[in-house]
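Residue numbers (this note's numbering), protein chains in the order written: chain A, 1 to 111; chain B, 1 to 113.
Watch out, some of these pointers could steer you wrong.
Unchecked claim - With a Cα cut of at most 20 Å, we get these calculated EDC-like pairs of lysine to aspartate or glutamate:
#1 69/A to 7/A
#2 52/B to 82/B
#3 41/B to 70/B
#4 26/A to 15/A
#5 41/B to 53/A
#6 41/B to 58/B
#7 40/B to 82/B
#8 41/B to 7/A
#9 9/B to 38/B
#10 71/B to 82/B
#11 36/B to 5/A
#12 44/B to 53/A
#13 40/B to 66/A
#14 40/B to 7/A
#15 98/B to 58/B
#16 9/B to 101/B
#17 98/B to 38/B
#18 9/B to 30/B
#19 44/B to 5/A
#20 98/B to 7/A
#21 19/B to 38/B
#22 70/A to 7/A
#23 52/B to 30/B
#24 26/A to 7/A
#25 9/B to 53/B
#26 70/A to 83/A
#27 41/B to 55/A
#28 56/A to 101/B
#29 56/A to 83/A
#30 67/B to 24/B
The set of hints was computed from the structure by calculation and includes no laboratory data.
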Amino acid sequence: SQQGEEDPQALSIQEGENATMNCSYKTSINNLQWYRQNSGRGLVHLILIRSNEREKHSGRLRVTLDTSKKSSSLLITASRAADTASYFCARVTGTASKLTFGTGTRLQVTL
Amino acid sequence: DTAVSQTPKYLVTQMGNDKSIKCEQNLGHDTMYWYKQDSKKFLKIMFSYNNKELIINETVPNRFSPKSPDKAHLNLHINSLELGDSAVYFCASSLGLKNTEAFFGQGTRLTVV
Numbered sequence: 001s002q003q004g005e006e007d008p009q010a011l012s013i014q015e016g017e018n019a020t021m022n023c024s025y026k027t028s029i030n031n032l033q034w035y036r037q038n039s040g041r042g043l044v045h046l047i048l049i050r051s052n053e054r055e056k057h058s059g060r061l062r063v064t065l066d067t068s069k070k071s072s073s074l075l076i077t078a079s080r081a082a083d084t085a086s087y088f089c090a091r092v093t094g095t096a097s098k099l100t101f102g103t104g105t106r107l108q109v110t111l
Numbered sequence: 001d002t003a004v005s006q007t008p009k010y011l012v013t014q015m016g017n018d019k020s021i022k023c024e025q026n027l028g029h030d031t032m033y034w035y036k037q038d039s040k041k042f043l044k045i046m047f048s049y050n051n052k053e054l055i056i057n058e059t060v061p062n063r064f065s066p067k068s069p070d071k072a073h074l075n076l077h078i079n080s081l082e083l084g085d086s087a088v089y090f091c092a093s094s095l096g097l098k099n100t101e102a103f104f105g106q107g108t109r110l111t112v113v
């Protein structure tokens, strides 16, 4: 399969805690992106990390990329109930412009 | 002000019917996509167009025919609908082929009965 695998499939934490989601893939990438999907809605782009980058930050989000292990992680710090959503990693490979999505992590943040 | 809009949001239809889903983006992007999300939330690309030209056709049955009248629109026509076509279909756009950050529409939930 060319899909990425995300881990865990589901994660339940309390508000204020940090959430870490991992994404593994099999082929070399140009870049890797993380998206959020609220229930019944479209996907929203969160952050893009290029293959020559190791870490990127955006607000409470921190993404790391380890190309030797073919893995990436998304850390959400000080989580809020509004962070409850599914999170997907998506890889761009070769010259194709398509996104190849992982299986997603369902994050539940409770008060 | 919706950046990528698709209609309808919900579509319930009988097997064998033909239906269309429309998508429009007002972002000035060159590249548009159709993705299918199944009941397990798995997202897979179906088509991409760049400046009205088909770039990716990802082994989709030929009952599915995309049409791009101009670079701001990418419609999806489905012939002879089958039960297995039930899914959420997402339209998306990006600046261009080399800029892959995608903006997604709200999705069209298609239910074939």
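We went through each hint and held it up to the structure:
The straight-line distance between the Cα atoms of residue 69/A and residue 7/A is roughly 15 Å, inside the 20 Å bound, and the hint therefore holds. Of the supplied pair hints, the one linking residue 52/B and residue 82/B is violated, its CA atoms being roughly 28 Å apart against a limit of 20 Å. Proposed proximity of residue 41/B and residue 70/B is contradicted: the alpha carbons are some 30 Å apart, above 20 Å. With a C-alpha separation of about 33 Å, the suggested pairing of residue 26/A with residue 15/A is violated against the 20 Å cut-off.
Distance hint between residue 41/B and residue 53/A is unfulfilled; the C-alpha atoms sit about 29 Å from each other, more than 20 Å. With a C-alpha separation of about 18 Å, the suggested pairing of residue 41/B with residue 58/B holds against the 20 Å cut-off. At roughly 18 Å between alpha-carbon atoms, residue 40/B and residue 82/B fall within 20 Å of each other, so this suggested pair holds. Restraint check for residue 41/B and residue 7/A: satisfied, since their Cα atoms lie roughly 15 Å apart, inside the 20 Å limit.
A C-alpha spacing of about 16 Å is found between residue 9/B and residue 38/B, which places the hinted pair at or below 20 Å, so the restraint holds. Proposed proximity of residue 71/B and residue 82/B is contradicted: the alpha carbons are some 29 Å apart, above 20 Å. Only pairs whose Cα atoms come within 20 Å are accepted, and residue 36/B paired with residue 5/A is accepted, the gap being roughly 18 Å. For the suggested pair residue 44/B and residue 53/A, the alpha carbons sit about 26 Å apart, so the restraint of at most 20 Å is broken.
For the suggested pair residue 40/B and residue 66/A, the alpha carbons sit about 28 Å apart, so the restraint of at most 20 Å is broken. Taking the CA atoms of residue 40/B and residue 7/A, the gap is near 15 Å; set against the 20 Å cutoff, the hint holds. Between residue 98/B and residue 58/B, the direct Cα distance comes to roughly 19 Å. Compliance with the 20 Å bound is thereby established for this hinted pair. A hinted pair counts as satisfied when its Cα atoms are at most 20 Å apart, and residue 9/B with residue 101/B does not qualify at roughly 23 Å.
Between the alpha carbons of residue 98/B and residue 38/B the distance comes to roughly 27 Å, so the proposed pair goes past 20 Å and is violated. Restraint check for residue 9/B and residue 30/B: the C-alpha separation of about 24 Å exceeds 20 Å, so the hint is violated. Distance hint between residue 44/B and residue 5/A is fulfilled; the C-alpha atoms sit about 14 Å from each other, no more than 20 Å. Annotation: proposed proximity of residue 98/B to residue 7/A is violated, straight-line Cα distance about 28 Å (limit 20 Å).
Note on residue 19/B and residue 38/B: the hinted pairing holds, with a Cα-Cα distance of about 18 Å set against a maximum of 20 Å. Restraint check for residue 70/A and residue 7/A: the C-alpha separation of about 14 Å stays at or below 20 Å, so the hint holds. Note on residue 52/B and residue 30/B: the hinted pairing holds, with a Cα-Cα distance of about 8 Å set against a maximum of 20 Å. Proposed proximity of residue 26/A and residue 7/A is supported: the alpha carbons are some 15 Å apart, at most 20 Å.
Restraint check for residue 9/B and residue 53/B: the C-alpha separation of about 26 Å exceeds 20 Å, so the hint is violated. In summary, the hint linking residue 70/A to residue 83/A is not supported, as the alpha carbons are separated by about 26 Å, beyond the 20 Å threshold. In summary, the hint linking residue 41/B to residue 55/A is not supported, as the alpha carbons are separated by about 27 Å, beyond the 20 Å threshold. Using a Cα cut-off of 20 Å, the hinted pair residue 56/A and residue 101/B holds, with the two alpha carbons roughly 15 Å apart.
Pair hint residue 56/A plus residue 83/A holds up; C-alpha atoms about 19 Å apart against a cutoff of 20 Å. Proposed proximity of residue 67/B and residue 24/B is supported: the alpha carbons are some 12 Å apart, at most 20 Å.
In this structure, the earlier hints numbered 2, 3, 4, 5, 10, 12, 13, 16, 17, 18, 20, 25, 26 and 27 are contradicted, and the remaining ones agree with it.
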